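Please construct the entire structure, taking both the sequences and the accompanying hints into account.
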Amino acid sequence: MNLYLYIFRRLLYVIPVLFGVCLVIFVLFNLVAPDPAYTLLGKHATIQQINELHHELGMDKPFIVQYLDTVKTAFTFDFGYSWASKQNIWDMIKAGAGPSLSITGPLYILSSLLSISLALLVAYFRGKFIDKFVLVLSIVGLSIPSLAIILFGQWFFAYKLGWFEISGYENGFPNFIPYVILPIILYVFIFFGGDTRFYRAVILDEAYQDYVRTARSKGLSEYKVMFKHVLKNSMIPILTNLIIQIPSLILGLLLAETFFSIPGLGAMVVKAINNSDFPVIKAMTILSAFGFILFNVLTDVLYTVVDPRMKLK
Amino acid sequence: MSTEVKQSKSLLHSALLKVISEKLSLIALIIVGIYFLVAILTSAGILASDWNKEVGASYMPPSSSIIFGTDIFGRSVFQKVVKATETAVAIGIVVSCISILIGTTMGMIAGYFGGFIDELIVWFYTTFSSIPSIMLLVAIAFILGKGTMTVFLSLGVTSWVGLCRIVRAEVMKHKEREYVHAANAIGATHSRKLIKHILPNISHLLIINFTQTFDAAVKSEVILSFLGLGVVGRPSWGTMIDDSKLELSRGVWWQLAAATLAMFVIVLAFNILGDALRDALDPKLKGK
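Protein chains in written order, with this note's numbering: chain R, 1 to 313; chain C, 1 to 288.
Because the hints were derived from the structure by calculation, they are not lab data. Values in this document were obtained by computation on a predicted structure and should not be read as measured data. Where is the CB? At the ideal position from N, CA and C, for every residue including glycine. Careful, some of the hints might be misleading.
For lysine-lysine, the following PhoX-like pairs were computed, each having C-alpha atoms within a straight-line distance of at most 20 Å [as the list claims (entries may be wrong)]:
1) R:K271 - C:K146
2) R:K271 - C:K245
3) R:K160 - C:K245
4) C:K196 - C:K175
5) R:K86 - R:K271
6) R:K132 - C:K23
If we take Cβ atoms under 10 Å as the criterion, some of the chain R residues that face chain C in the derived model are [what the hints assert, rightly or not]:
7) L28
8) Y159
9) A289
Structure representation (structure tokens):
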């Protein structure tokens, strides 16, 4: 009914947040960050060179103009050029998104399916051995640093046993598969603990509600209670968690992409940090924040579709 | 911080009793205690003070005399792991304190005063949490440059939003309770009501948050080390794990194993302790 009005109002609320994100980024990169002149010109630059550079980068403009410039880049996606490679940043992002998605896409589907179905299983058998076993396994998994898992996994499975490609990447659909299998497996393991614990808690939270007791006391089978009542009602937090992860898929995986030499956006960020490549980091920060905000709105809109109670209060 | 702990003694006391009464959480508590003790002894110079000294050749494998072998400079990996405990505990404590300080102050002000101040703070943390935490962490750490201070600040500044949200919601509930009205009736000022009356009643949230933030900070230090933005001038588990990326192909696995093990044990212990504390302090959250 009023769905469009609701979406419109929700979008209106996004505007101050967008300006806020630009403000945080402006403060970080234009006010707090050290003068890029040393990075770009070296130690022996003359004052004239520094002034020219400041003019070229727009750093001699008043702060308010610089802030508005930040806002402008965010809406036009005109992020300028990388300091390190002199490439257009938007082109770099477009080139890196594919390789990143080729790992994060399958990973997202696999790990979500695994953790949600496991969470359903252990919630069904709550308190029994399998529940405790999975809980212990996920806490143990959570406690191992992800970098150690990647280093060990790459060394053991790819280098020692030779089951997978150690590193590298080829573009195009079937060609990239051998290169992404191992990182996907390792990351399924890395994400397994936290996700399973989260989904289990969400489902159990629902399982102790009054209506579940009613359903059970009127003689419904445990199976029906679980899938018809509990799962449906825990859909909201589950969906939120699923959708909120989507923008980070495009961000890629900083660690895996670097170690497996996959030319995605995560590897691009790491390289930019090593090269003190301000504009690239700035662009990725803006882009990921905007992606997050967009998907946040999307979740809110989806709520009204999934849950009739939420109808546009 | 010390005043609030004193006032909530009964709550803390009963929670502590519950934690001690269970075998698993008691073990976790003891392990955390040992790590803290090691950290204190290390910073006092009693333990691992000569971690920088050569004890043998480069990359000696573990043996009975050098328990975790040596690193590239012939230093004992065991000594480095012990010294790094100090770094890790310092990171955990400082980051949690920064996060609790910001989160609690802002959350309490927003929840208590409401209105425009509330809207402003909500806008502020919505903005902050709109930047994916890994990118914000990277951006802040990158701008501040490498060093211990960067690790403290970047992790602290990126981890307060969750607590701020919870504290705000909780204070909103508490300010309508009778005891706050009573305090109001006898003429208590805003700050007195907030600090003396409401804060002790929400202090369990801070304790729960402390265990979670400590854990996350110790784990995130590894990522910062990997990005070359980590601790400088002293060993840390993160830099040790990161160093091992070049060592594994030569068959040098002990530095990775030692640092990972040391970190695994305290993170696991904190995880278990955090769960136990949360169940004891806030039964409503049980199982989450």
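Now for the hints, and whether the structure bears them out:
The suggested pairing of R:K271 with C:K146 holds, with an alpha-carbon distance near 15 Å, which does not exceed 20 Å. Taking the CA atoms of R:K271 and C:K245, the gap is near 17 Å; set against the 20 Å cutoff, the hint holds. Note on R:K160 and C:K245: the hinted pairing holds, with a Cα-Cα distance of about 15 Å set against a maximum of 20 Å. Proposed proximity of C:K196 and C:K175 is supported: the alpha carbons are some 13 Å apart, at most 20 Å.
Taking the CA atoms of R:K86 and R:K271, the gap is about 14 Å. The hint holds against a cut of 20 Å. Between R:K132 and C:K23, the direct Cα distance comes to roughly 16 Å. Compliance with the 20 Å bound is thereby established for this hinted pair. Proximity of R:L28 to chain C holds as hinted, the smallest CB-CB distance being about 6 Å (cut-off 10 Å). Annotation: R:Y159 was flagged as interfacial toward chain C, and the flag holds, the nearest CB pair being 6 Å apart, inside 10 Å.
Interface hint status for R:A289: upheld, as the beta-carbon distance to the closest one in chain C is roughly 4 Å, under 10 Å.
Violation of the numbered hints given earlier is absent; every hint is satisfied by the structure.
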